[in-house]
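Can you build the whole structure from these sequences, using the hints too?
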Amino acid sequence: MSEIKKTFPIKGMHCASCVRVLEKSLGKVDGVLSCVVNLATESAIVIYDPKKATDNDLASAVANAGYKAELEQELKTEDEQRQAKQKELNGLRNKVIISLFLGALILWGSFPGLMEFAPSFLTILWIQLILAIPVQFWAGLTFYRATIPALRHRTANMDTLVAIGTTIAFSYSAFVTIFPSLLEGIGVKPEPYFDVSTVIIGLILLGRYFEAKAKAGTSEAIKKLIGLQAKTARVLRDGKEVDIPIDQVVIGDVVRVRPGEKIPVDGKILEGQSSIDESMITGESIPIDKAKGDIVIGATLNKTGSFLYKATKVGADTMLSQIIKLVQEAQASKAPIQRLVDLISSYFVPVVLILAITTFVVWYVFGPSPVFLFAMLNAIAVLIIACPCAMGLATPTAIMVGTGIGANKGILIKDAQSLETARKINTIIFDKTGTLTNGKPVVTDIVGDVLQLAASLEKGSEHSLAEAIINKGEEERVKFANVKDFKAVPGHGVVGLVDGKRVVLGNRKMMEKEGIKIENSQIEKMENEGKTVMMLGVNGKFTGLIAVADTLKETAKKGVEKLQKMGIEVVMITGDNKRTADAIAKKLGIKRVLAEVLPDQKEAEVRKIQAEGKKVAMVGDGINDAPALAGADIGIAMGTGTDVAIESAGITLINKDLRSVASAVELSKKTMKTIRLNLFWAFGYNIILIPVAMGVLYPNFGILLNPIFASAAMALSSISVVGNSLLLKRIKI
Amino acid sequence: MELDKIFVIIFSIAGIAFTYWFFLMKKEKEVNVENEVDIKVSGGYSPEVISIAKGKTTKINFLRTDPTECLSEVVLGDFKIRKELPLNQKVTIEITPQKVGEFGYSCGMNMYHGKIVVK
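Chains as they are written, first to last, in the numbering used here: chain A, 137 to 869; chain B, 2 to 120.
Don't read these hints as lab results, they were simulated from the structure. You may find that some hints are simply not true.
[Unchecked claim] List of simulated lysine-lysine pairs, DSSO-like, C-alpha gap at most 27 Å:
no.: 1; chain 1: A; residue 1: K223; chain 2: B; residue 2: K116
no.: 2; chain 1: A; residue 1: K221; chain 2: B; residue 2: K55
no.: 3; chain 1: B; residue 1: K91; chain 2: A; residue 2: K461
no.: 4; chain 1: A; residue 1: K868; chain 2: A; residue 2: K805
no.: 5; chain 1: B; residue 1: K116; chain 2: A; residue 2: K461
no.: 6; chain 1: A; residue 1: K461; chain 2: B; residue 2: K60
no.: 7; chain 1: A; residue 1: K560; chain 2: A; residue 2: K792
no.: 8; chain 1: B; residue 1: K116; chain 2: B; residue 2: K55
no.: 9; chain 1: A; residue 1: K792; chain 2: B; residue 2: K81
no.: 10; chain 1: B; residue 1: K84; chain 2: A; residue 2: K449
no.: 11; chain 1: A; residue 1: K751; chain 2: B; residue 2: K116
no.: 12; chain 1: A; residue 1: K142; chain 2: B; residue 2: K6
no.: 13; chain 1: A; residue 1: K204; chain 2: B; residue 2: K6
no.: 14; chain 1: A; residue 1: K147; chain 2: B; residue 2: K84
no.: 15; chain 1: B; residue 1: K91; chain 2: A; residue 2: K204
no.: 16; chain 1: B; residue 1: K30; chain 2: B; residue 2: K100
no.: 17; chain 1: A; residue 1: K325; chain 2: B; residue 2: K100
no.: 18; chain 1: B; residue 1: K81; chain 2: A; residue 2: K221
no.: 19; chain 1: A; residue 1: K461; chain 2: B; residue 2: K30
no.: 20; chain 1: A; residue 1: K142; chain 2: B; residue 2: K91
Structure representation (structure tokens):
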């Protein structure tokens, strides 16, 4: 029994019960062996016996349930698409081999210098005609197939040029073979050009074959990302662990992940702990330890432990799906440089046709004898040498490779425009908190026996500095005492009764307010280091202090240095006071600091720097500073958790590595260099070789372009453009 | 000048004029689309020029019947869409344009062109 599998969309589904209704209805059709309906993708996968059930049976089963099956829109799986592509490629390869083989035989039998050594049958014109027919009408059919419908649309393309060029060569040669006496009668030697028509077809198809293979390499990054997806998930359903396909996991499912397994979807750990390799998503090479409450990312690899987690994002909402969507969009987007290419390519082919006619007439009227042959061969050379493909491929292939490299390194580029702009950046503004620093203050210094009292007192406070002190207290396992009469004085500090003692914790102003004399000489030094110092007074007497500071990210200093080495000015922007800000900037080697800037003023500061004539990139977390990111020439967001906050940013660094800012600029420079080289090559090639094919060098140098060489040059030209784009993969950023 | 040369000159001028008229002077017929449009992909796009409303989601169904490799991808660069068009398989693209203007689309190699006019 032969069974077939069909995947097709269903319209009108809106809830989980639709799934059951549809599965029931489809399952009842005689011949259906199994069926799975998916709400998320609004499609059905049906395995059935085509002898018993027809498409109509399936469609009516779906219609009876109240929905609409779109069977004509059968979705091919990735695998099937790949197989179809491979089959096409194999077919092309066979055509190349056969046409080049037959072309070589004809060339052997007709080319002066070679034909003398050829077996005599190859020199017979009728044999050459027979050898040329399959090349022209079987291998070359693809050119006709493309030309005829295009002409109906009154458009012309690359195939039109090849079809016209080879048809002229073939028809003339066939005419010569069939009616040699007619030509002899007008004094023209009956010389066919079957070698021209066959070798041109063979070489151009060869070019296409290599080009198709190379082009597949440009979209490798996306295939790699798609391949990261786990296929199944082990979820707890009705108290049992069951393996289900990943697209059936729903939000709230509890998922079990064992050592060495891929994490199927995004979620939060409920139980257990492990070390997780996130390199495939974030580019971070060191595995990260995670425990209860931590977020896990789908498609990353669980290394050591086993844990249970709750699915929080599934399907198209997972981080991986978002990244794939983003990279796909970026690869499809149009670089501003492309607009000019678009304009030129819309006129290109008709202009080449006009040039070919002009070549023919000029050679016919003014050229040497035999005028017809010179005119015809040169006109064919013009048609064949013109290569609009190279122009069409120059920009998109480089953009695809460039954005793909970025994605592999955790640098997500939103579109081609961002990639093009990043190279021009000469000033980069970093937001301090959460970008250059970890955004979580920690206790750095404790002077005196103050931690127990301070931590107890801060239990009641909600200030971010309080969290640092409480954490430190928990870490040191201090005994938290009860606090009475707690009071927070905004901008000053806190006060309360601990174990019957009046305890005050706060800044200088707080101490002054309480009339406490500060007896410590280290305070100023600590403040100059960028720390926030809080003093503690007990019953009106100074007892010690605690200093808290936000810590710098590990990669901050190197990231800044790398940019400065590239000649880019680095600016820091923060809401902190000037002294703290200066201290942090000094540690990082940043000379220009914009301190005490309120969040809503950041955008204005960006515009001020732009007004100085600078091209500005703003680096922030993408959430609080979205307007500043959007206002800059390019916004760079540091990704956090599983939210890819890309909308306001041109570039998102999911690897959280500050050195990647420089890498992104570097990638932009290299990609644009490749694009410029590609365009220079593609345009230069056409601008130089079309006139050569027309014969401009003939009067002075006697140089003409043989159509066979023209086809070789043309085939090489598109391959070299794609190849040059692929070279980008080798860059180190 | 010999008669054959005069003939060649006359035919060539006519050929150039015809080429110019045939390819470069064609009038694109604009098709007004309400919600959904089927675009046949064979030797180009028909209809080639469609007009759609700003801010409204419009479905464009591409159906490629032409095996030409060049047409196997469609690129709507302004909408950041690049889609494979498998032979004889309908591929639906949804767009919700936010800006008024003319937006070109093309095949993967930028040889066949179509236009979306947003009004």
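The hints, checked one at a time:
1. K223/A to K116/B: violated (32 Å)
2. K221/A to K55/B: Roughly 37 Å between the alpha carbons, so the hint for K221/A and K55/B is violated.
3. K91/B to K461/A: holds (21 Å)
4. K868/A to K805/A: Holds, at roughly 12 Å.
5. K116/B to K461/A: The given pair, whose Cα atoms are some 24 Å apart, holds under the 27 Å limit.
6. K461/A to K60/B: holds (19 Å)
7. K560/A to K792/A: holds (23 Å)
8. K116/B to K55/B: Roughly 15 Å separates the two Cα atoms, so the pair holds.
9. K792/A to K81/B: holds (26 Å)
10. K84/B to K449/A: holds (26 Å)
11. K751/A to K116/B: violated (33 Å)
12. K142/A to K6/B: violated (64 Å)
13. K204/A to K6/B: violated (66 Å)
14. K147/A to K84/B: holds (21 Å)
15. K91/B to K204/A: The hint holds at about 16 Å.
16. K30/B to K100/B: holds (22 Å)
17. K325/A to K100/B: violated (64 Å)
18. K81/B to K221/A: Between K81/B and K221/A the Cα gap is close to 24 Å, so the pair holds against 27 Å.
19. K461/A to K30/B: violated (34 Å)
20. K142/A to K91/B: OK: K142/A and K91/B at ~15 Å, within 27 Å.
Going through the hint list in order, the structure does not satisfy hints 1, 2, 11, 12, 13, 17, 19.
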